[in-house]
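Participant: Full structure from sequences and hints, please.
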Amino acid sequence: MRRASEELAREVRPKRLADLLGGLDVVICCGSGGVGKTTVSAALAAAIASTADRRVMVLTIDPARRLASALGMTGIGADPVTVSAARLRQAGLPLRGELVAAMLDQKSVWDRMVERYAPNRHVAERILDNRFYQGISDAFVGSHEYAAMEALYELHEEGEYDCLVVDTPPSRSALDFLEAPERISDFVGARLLSWLAHPSRSGFHAMNFAAAPLLHIADRLLGGEVLGELGDFVGDLQTLYEGVQRRARAVSRLLRSPRIGFVIVTTLEPAAFAEAEHFATKLRELSMPLRAVVVNRVLPGFLADEAAVRAADVLADDHHGAQALSRAIGAPVDAAAAVALGRSYRLFFELAQREARQLARLGRIADVPAVQVPLITAPVSALEGLVQVAGAL
Amino acid sequence: MALIAARRGVRVLAVEVDAKGDLPEALGHPAVGFQPVVVQRNLSVLALHPEDSFQEYLAIFFKVPRFTRLTPLAGVFDFVATGVPGPRDMLMVGKIAHEERRREGDGEPIWDLIVVDATSSGQILPQLTAARSMRRLLRGGMLRSQVDFVDAMVTNHRKTALCICALPEEMPVAEALELHDEVVRDTDIGLGPCFLNRGLAPLSAPRQRRLVELLADPATARAAAPVLGEGVDRLVAGVRFADDLSHLAQPFARRLSTRMSVPVVAVPLVAARSGLATTRAVAAALEAAG
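As they're listed, the protein sequences go chains A and B.
First residue of the first sequence? That's 1 in the working numbering, and the numbers climb one at a time after it.
First residue of the second sequence? That's 1001 in the working numbering, and the numbers climb one at a time after it.
The hints are simulated quantities; they were obtained by calculation from the structure and are not laboratory data.
Please read these numbers as outputs of a predicted model, since none were measured by experiment.
Any given hint might turn out to be false.
[Said to hold, decoys possible] For the chain A half of the interface with chain B, some residues (derived, Cβ under 7 Å), not all of them:
(1) 86
(2) 307
(3) 329
(4) 339
(5) 341
(6) 345
(7) 350
(8) 391
Quick reminder that beta carbons are idealized off the backbone N, C-alpha and C, glycines included.
Facilitator: Below, the structure is given as C-alpha cells:
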C-alpha cells in the first residue's frame, strides 16, 4: 500500500510545485473548509519566494483571519506587511525574493470601486453616504466575494507584485468568488429593480403591466418610503454600470488567462475530497485553468501496514493477546495496555486504508500534478510548520 | 446531535445550509431538496436554497404561484434571492425561522428541535446577524416586522444556541476562540456547548508506555514474532505516531477549554466508514460522554 502511494506521488509530481507555479501572475488556492488552505497558500507563496527572486504577495480573502496565524504573526491588515526574511531563514527557509502578506479590506475596496466608476464626485458621495450601500458593503456575506475579485484585479493591474497567491474562503464561497464578475455586473445593472422602484421613469410600459403585482409586493414588503429610497439608490448605482461591466469582463478574462492558475487543496477525508472533485468540475465548466492539486495532511505509509495491523489485532484480543505475548518474550505484559496499543494502531490503520482508497481516486479530480504534504506531528512553531509544508511544495 | 435527539423521541429537523449533500449522507440518505424528507425515525432533513426559499415566501405571504426559470420575471426573483447579498442571507435564516414557527393543526410545533449544519466560522456571523443588519435598512413595511421576528428568534437564548465546533489544532482553535469572542462581544446570540472534534487519547498509563518501549527493542520484537508476526516495528511506529499527534493536540484542547465561556465537549476520532456509520459512532461517543 505504501509503495503504491509513493509511486503515485512520483508519477504525478514531475517537479516542485513552486517551480511549476512560480512563473504565473496569480495562483488561486481553493478547497473546502478545514483542509489547511491558508497554510498551503502561505507555504506556497514562501516556497515561490525562496526559489526565485520574485516579489510574492499572499492575499487572504477568507474572512476568518487565519493567515497571520499561519505566518506566525500577530496580525495582518489591509496594508501589505513584509514577512521577516530573517525569521523565515531561522525557521529553515532562506528567501531569494520577498514575501508580503495582506488581508482583504472589503469596505475600502467597495468605496474605491464607487469612486472610480461614478460619473462625478457628487454621485459618488451620494452612494457612499447611502445606508443601503453601507449595509451591503459592510454587513453581508456575499459582498465579500465581490470585493475580493475587485481587489485581486486591482493588485494584478498595479503590477507591484510578480506573483499573487490568493487564499480563498471555503469552496462553496470560492465559487461565488469566481462568479463574482457576473454577479456584480448583474447587481449594478439591475434595471429590473430600478424599474420596480420607478416604473414611470423606466419607460418599459409593456413590462410595467407584468410588473404591477411585483410592485404591489415590493410596496407591501418594504413600504413606499423605503421603496422610493431604494429606487434612488439603484438609480445612482446604475451610473456605475458601464465601468463595472467593463471591469467585470476584464476580471473574467483574467480568471481564464494563461497567466493564472488554480490550485485545489484537499485532504483525503471523504467530504473534503468529494468537494475537491466538485470544484474541479466547476473550474472545467467555467474554463478556468486548474494547475495542481495539493493533498494535505497525508498519513504516513507505516499506518497502513497489513503485518502491523495483524499484530495490533493480537494485542487487542483482551483474552489471549497479552498472555501469549508475555509467554513469548518472557516478561509480564499488562492486558489493558496491550488492548489500548492494539486499538490505537487499528484506528489509524483504518484511517490510512481510507486514505489509500482516496489516493487511488486522485486521478479522477483532474489530469494535473498532485503533491502530497505529510501530516506534521512534530511540536513546531507555526512558522516552522509552514516551512515544512513549503519544503513539500 | 440530531440523531441522538431523534432516538430519544424528539422530532428533529436537520438543515443543511450549503446544499452539498454532506448532511443527508451523514444520516444515511441521498441528497435532499428544499422540502423536509424523513431520513430516520423522528428525523427529517432539508437543504436550504435561497431561490426556493424566496418562492415559498412569496407563495405563503402573497399567494404568488411558482415561476419557472423560463418566465421573464423569474430573473427578478433569481436576482433578488441570489444576487443581492443581504436578502440571500435573510432568506436562509428566514426559512429556519419559518420552520421553527410551523405548527400542526392542534397548535403543536411540527419540530421540537432544529439542528442547522451552518456555514463556516468566518461567515456565520454576517448570516446570523443579517436580520439585525436589515432592521437598520427598513423602517416600515411588512418585511420590517418579519425581520424583527427573525432577529428575535436568533437572539432568544431559550430558542437558539450557536455551537462552535473546532479541531484540536492551532488554527481551528484560534478561529473558534475568535468567533466565540465576537459572539460574546458584538451580538446577543447565545452560545451552546463547544465541540472539540477528532480528539485522541494519549498513551497515558505508564504501563502502556512501558509496553511500547519493550516492543521497540529489536530483541523483544524478535522474541514476539511467533505471536505478533513481522509487523512489530511498524506497529510501534504507528502507536508512537498516534501518541505524538495526541500530545500535539493537548495544548490547543487546553487553550480552548480554558478560554471558552461554555463547556467544551470532546468528540473522539472515529474511523468508521463515512456516512451513517461515522455518525452513529460519533453519536455513541457523545452519549458515552454524557
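Participant: Hint validation: residue 86 (chain A) versus chain B, beta carbon distance must be below 7 Å. Holds or violated?
Facilitator: violated, 22 Å
Participant: Tell me if the interface restraint on residue 391 (chain A) is satisfied: Cβ within less than 7 Å of some Cβ in chain B.
Facilitator: Violated, about 19 Å.
Participant: Let me know if the C-beta of residue 350 (chain A) comes in closer than 7 Å to any C-beta of chain B, holds or violated.
Facilitator: holds, 4 Å
Participant: At a threshold of 7 Å, is the proposed contact between residue 339 (chain A) and chain B supported by beta-carbon distances?
Facilitator: violated, 10 Å
Participant: Identify whether the interface hint at residue 341 (chain A) stands, where standing means a beta carbon of chain B within less than 7 Å of its own.
Facilitator: holds, 5 Å
Participant: With a cut-off of 7 Å on the beta carbons, see whether residue 345 (chain A) makes it to chain B.
Facilitator: holds, 5 Å
Participant: Using Cβ atoms only, decide whether residue 307 (chain A) comes closer than 7 Å to chain B, and label the hint accordingly.
Facilitator: holds, 3 Å
Participant: Holds or violated: the hint that residue 329 (chain A) contacts chain B, with Cβ atoms closer than 7 Å.
Facilitator: Result: holds, 5 Å to nearest chain B Cβ.
In the structure shown, a violation is registered for the earlier hints numbered 1, 4, 8, in ascending order.
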